[in-house]
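**Student:** Protein sequences, first through last, are from chains A and B. Its first residue numbered 25, the first sequence is counted upward by one per residue in the numbering used here. Its first residue numbered 16, the second sequence is counted upward by one per residue in the numbering used here.
By construction, these hints were calculated from the structure, which means they are not laboratory data. Mixed in with the good hints there might be a few duds.
Claimed, not checked - The calculated lysine to aspartate or glutamate pairs, modelled on DMTMM-like cross-linking and capped at a C-alpha distance of 20 angstroms, are:
{"no.": "1", "chain 1": "B", "residue 1": "Lys-454", "chain 2": "A", "residue 2": "Asp-104"}
{"no.": "2", "chain 1": "B", "residue 1": "Lys-450", "chain 2": "A", "residue 2": "Glu-107"}
{"no.": "3", "chain 1": "B", "residue 1": "Lys-456", "chain 2": "A", "residue 2": "Asp-104"}
{"no.": "4", "chain 1": "B", "residue 1": "Lys-284", "chain 2": "B", "residue 2": "Asp-434"}
{"no.": "5", "chain 1": "B", "residue 1": "Lys-450", "chain 2": "A", "residue 2": "Asp-104"}
{"no.": "6", "chain 1": "B", "residue 1": "Lys-284", "chain 2": "B", "residue 2": "Asp-318"}
{"no.": "7", "chain 1": "B", "residue 1": "Lys-454", "chain 2": "B", "residue 2": "Glu-428"}
{"no.": "8", "chain 1": "B", "residue 1": "Lys-450", "chain 2": "A", "residue 2": "Asp-124"}
{"no.": "9", "chain 1": "B", "residue 1": "Lys-472", "chain 2": "B", "residue 2": "Asp-501"}
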Amino acid sequence: MASHQERTALPGAAVGVGTTGAIEADAGDVRARGYWEQAWRRFRRDRIAVLSGIVIILIVLVAFIGAPIAVHVLGHGPNDINENAIINYQPAGPWSHVQDANGNSTLYVLGASDLVGRDEFLRVLYGAQVSLEVAVTATIVGLLIGVIMGTLAGFYGGLTDTLVSRMTEIVMAFPLLLFAIALASTVGDRLNSYTFFGLFAPGVVTLVMVISVFSWYYPARIVRAQVLSLREKEFVEAARMVGGSNYRIMRSHLLPHLVGTIIVYGTLLVATNILFEAALSYLGVGLPPPNASWGNLLSDAVNYYTTQPWLMVWPGLAILITALAFNLLGDGLRDAIDPRSTL
Amino acid sequence: MRRPGLWLAVGALTAGIVLLGAAGCGSSSGGNNSVASQAPGGQSVVPHVNGGTLKAAFHGDIDFIDPALAYYQSSWQVEYATCVKLLNYPDKSGDAGKVLTPEAASALPTVSSDGKTYTFTVPAGKYKFNTGEPVTAATFQHAIERDLSPKQASYFGATFLTDIQGATGYKGLPAHVSGITVSGDKLTFKLTQPDAGFLAKIATPFACAIPKNTPVNSKGVQSIAGAGPYYIANWVQHRSLLLKRNPNYNGPRPHYLNEIDFTQMTLDKNQGTLELKNGQLDYCPDCVAFSQSFQLNQEFGPDGSSTKQTGNQRFFVTPAAIISYFALNTARPAFKNPLVREAVNWAIDRPAIEKPYGYGYGTPGDKILPPALPGSQFEKSVYPITSPTAQDISKAKALMKQSGVKTPMTVIEYTTAGDPSVAEGDAVLTANLAKIGIKVKQKAFTRAVQFQAEGVKGVAMDIANEGWIEDYPDPYDFMNILLSGDNIPKTGGNNFSYFNVPKYNQQMDHANTLSGNARYQAYGSIATDMMKNNPPWAPWLYTNNLDFFGPNVGCTVDTPSYIMDLATMCLRK
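With the hints as constraints, model all of the structure from the sequences given.
**Tutor:** Here it is in structure tokens:
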């Protein structure tokens, strides 16, 4: 945290001039720092946010690079069935060496996940792929819809604003989870076959669509409020005076002012969507079997909560750590991007 | 607000861990020291209280309390305790519980020499409803005519009673069916053709005595008097069910308890198991969580640690006349060729499919008739009931090759959603059939929707993951109902393999005219021939009933037709 002395060292520091720059500028070579450079400097000082960012990068690496490596090293896949990994009608416990179908010994790091002997560790790793794919893609789609709707509503006002605002309120008033379940149950089966040439697992597109439908309204409201205020600013007046079209004003003059907000809200939304995906999968309207997601792993683990409680712990921890990391990163970014912040 | 998510998450995690610990630490109260003699399917009578309330719950709810409509296993269990029928099964387990004995009728009926006329004598007032109304011959006439009334929409009427003269084309109450007549205490049924299974049909809960003023109602009545040992005192749909001892019951059936109080109708199995273990509940049918059955057996089974200590066996595994099978849709290109269906039967790993259902769920098997059903003894096993060997897989592959079908081929399996055991069993099936070039894609539905969807003629389904519980202990109920080509309606069918082979249709119709051992022998040999040469199914499991009781429960009898006998249950002293 910046000291009081540092803050007062540059009493007239305006937006765009780094406060810490004052310390380096003792020789008189004051260098103006850009908005993003300042934000980056502030972000670097927030150790929790940096740690969260590192955790997220690690999770992404583990999910998309580590998982195939783990399959190669362990010699079995996340959906492979192994009867030997079932002991006394219970999934094998953590760090079990069991025989595979060929009679070779293979390691189950976190034990088996169910009564067909699938590997919990690999399923948590592959579940991370699904959770991240769903959460990030749904966030991007949700933000895209939200920003477009919010910008149009805020910029044009009048009937457009009324329409968008009422639509937002209508969607917000829906019993979200029930509606998402209904949507997934009705159209989900048809959408499950879309995998975009194998890029996504079956079911991911359904989840993305269902979650996106309920992710756009908060960004829309936030963006609308900001645009309402920005459209009255002098630079917008100036752009109009020089003949800038509405589209150009929105794209070149308003959107750059919204980037910070969008990034911050985006990271927070990813966390929310990870939880939403888990909730939907937990309720059985997520990914179809046999593919794993953290939600359906957690859902299956409930059956063993009295006998193998750790089966709830692994996907639960994964959800907790990832959602927490995205939340903390979002908070850190918000502090870093906020021009009134005084790190 | 800064980082509310962090504290919420940490708080929730802590609460979760605490609850988990609390759940795991639930102790099992020991019960008393009296030693009960134990028998398969239950305990014989132990020193018990005459009276008291049995604290009970259901996991899977009941569908109706109206006997014309009720068709859940749990509903029939309730009706067995609350109904009086012309003939009934004794409150006994094993083979003794399969013998039809007169109940409201004074004796078994007289049957005409052509086998088409059955005459019962029903002494008026031998049984009375809890309201005081006597049960008479006319009571049964009304009950069965109500079943046959088209507006009542009873599955029983439409399926089992069509052989009664005048049943087809019957317009409904208050008119009478020409083939059902009452004269004093005589009740006569005239059939259009001989049916050796008629007595078994008339002994199902559909033919339960109901008051003569019970209206026709396709949605089912919400309250109904009972003439059995107990009656339904209160039913709040999906909420609760209260049975009370029938004050007017003078029959021979046991009735020790004052009340049986089902306070929950959809209790989670894990929760139910814990509550039973701790004695918060006395009984919950179908409530044993698959993940806990092994431990329950270790602790409370016949040789369990707690059983040895207290002498009170609380966990029972009883074979039931229930079959689990994959119906292979013979009307679809994938399974039109019998060789492909044979290949499936050679390739599936029955024990591995069973494993996800937990300890004691059933016995892997390949026969159409489960061993608990008469006739099964005459059906021969054809396919591997252990995990298939390399030779079995080779044989399956050879059959596929011989069939000439193009592989790999994709088939659609209709299955039940929301049950991890089913999903895992399906995963094993998928892996098994992949070895012979069949790729299985699952379409999961809620159970009721699945059943309806599969029964629509022409449905784009290749495999149905199905099960069948006996309506009554007779092979007709499995073979003619599930595999006769005469039983393929446009909607609402049960013949999910759409199996229609005239040779077998005729053989099954003929078998139904036989009685006694000849009947069972005939059905057994038809089933063997079918499975060997033209298998409509890939049967994989004969299911058991799993029963777990609270420490205070005694006098338990698992009957062949109605699972645990509520009328027999008592509370230990």
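**Student:** Look at each hint and say if it fits the structure.
**Tutor:** Status of each hint after checking the structure:
Between the alpha carbons of B:Lys-454 and A:Asp-104 the distance comes to roughly 15 angstroms, so the proposed pair stays at or under 20 angstroms and holds. Distance hint between B:Lys-450 and A:Glu-107 is fulfilled; the C-alpha atoms sit about 17 angstroms from each other, no more than 20 angstroms. Proposed proximity of B:Lys-456 and A:Asp-104 is supported: the alpha carbons are some 17 angstroms apart, at most 20 angstroms. Restraint check for B:Lys-284 and B:Asp-434: the C-alpha separation of about 12 angstroms stays at or below 20 angstroms, so the hint holds.
Distance hint between B:Lys-450 and A:Asp-104 is fulfilled; the C-alpha atoms sit about 14 angstroms from each other, no more than 20 angstroms. Distance restraint check for B:Lys-284 and B:Asp-318: the Cα-Cα separation of roughly 24 angstroms exceeds the 20 angstroms cut-off, and the hinted pair is therefore not satisfied. Using a Cα cut-off of 20 angstroms, the hinted pair B:Lys-454 and B:Glu-428 holds, with the two alpha carbons roughly 10 angstroms apart. Restraint check for B:Lys-450 and A:Asp-124: the C-alpha separation of about 17 angstroms stays at or below 20 angstroms, so the hint holds.
Between B:Lys-472 and B:Asp-501 the CA atoms are separated by roughly 13 angstroms; this keeps the pair inside 20 angstroms, and the hint holds.
Checked against the numbered hints listed earlier, the structure breaks hint 6 alone; every other hint is satisfied.
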